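Engineer: Sequence:
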Amino acid sequence: MKTSTFRIIPLSTEVAERARRAVEAGAADHAFVIADSPSAYPCRHCLRFARPGERMILFPYASVPAGHPYSETGPIFVHAEPCERYCATDEYPDDLRRGRAFRAYNTS
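Taking the working numbering, I'd label the letters of the sequence shown as residues 1 to 108.
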């Protein structure tokens, strides 16, 4: 039996950096927030939860472009300070092992 290979693809570093620049420039739809609990602010770039007291950026993001099936815009977080992009294969990030829902997409 062949074992499936999978990869969880985080937000690109380019998008995370763009969010950091936008919040610094005062973009109305980007905000700094301070994490106040250990499992409530998941960074979509490093795929870790913020530690209490860490600054995060809350902003809208569309993971699937408009006009395609499943397109939607929703609120996400990234660390306000640069963080290392998650890059492992064939494993779930440790912080996402606790009761998270995943949506898989194919190329259609």
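Just so you know, the hints here were simulated from the structure itself, not pulled from any lab data. In this text, all values refer to a predicted model and were calculated from it rather than measured experimentally. Mixed in with the good hints, there may be bad ones.
What the hints assert, rightly or not - Restraint ranges, calculated between C-beta atoms of paired labels, are given here:
1) F6 <-> G26: 32 to 42 Å
2) I34 <-> D90: 29 to 39 Å
3) S37 <-> P82: 19 to 29 Å
4) T3 <-> A27: 36 to 46 Å
5) T3 <-> G26: 45 to 55 Å
6) A66 <-> R98: 23 to 33 Å
7) R21 <-> A62: 33 to 43 Å
8) E72 <-> V33: 16 to 26 Å
9) P65 <-> L96: 33 to 43 Å
10) P38 <-> C87: 16 to 26 Å
11) Y61 <-> G26: 15 to 25 Å
12) A25 <-> Y92: 32 to 42 Å
Where a beta carbon is used, it is the ideal one built from N, C-alpha and C, also for glycine.
Engineer: Now look at each hint and say whether the structure bears it out.
Structural biologist: Each hint tested on the structure:
1. F6 <-> G26: 32 to 42 Å: Distance hint for F6, G26 holds at roughly 39 Å.
2. I34 <-> D90: 29 to 39 Å: Holds, at about 34 Å.
3. S37 <-> P82: 19 to 29 Å: 23 Å, holds
4. T3 <-> A27: 36 to 46 Å: 44 Å, holds
5. T3 <-> G26: 45 to 55 Å: Check passed, 49 Å falls within 45 to 55 Å.
6. A66 <-> R98: 23 to 33 Å: Roughly 32 Å apart at Cβ, these two residues keep to the hinted range, so it holds.
7. R21 <-> A62: 33 to 43 Å: 18 Å, violated
8. E72 <-> V33: 16 to 26 Å: At roughly 21 Å between Cβ atoms, V33 and E72 fall inside 16 to 26 Å, so the hint holds.
9. P65 <-> L96: 33 to 43 Å: 24 Å, violated
10. P38 <-> C87: 16 to 26 Å: Between P38 and C87, where Cβ atoms are some 24 Å apart, the hint holds.
11. Y61 <-> G26: 15 to 25 Å: 19 Å, holds
12. A25 <-> Y92: 32 to 42 Å: The hinted range 32 to 42 Å holds for A25 and Y92, with Cβ atoms some 35 Å apart.
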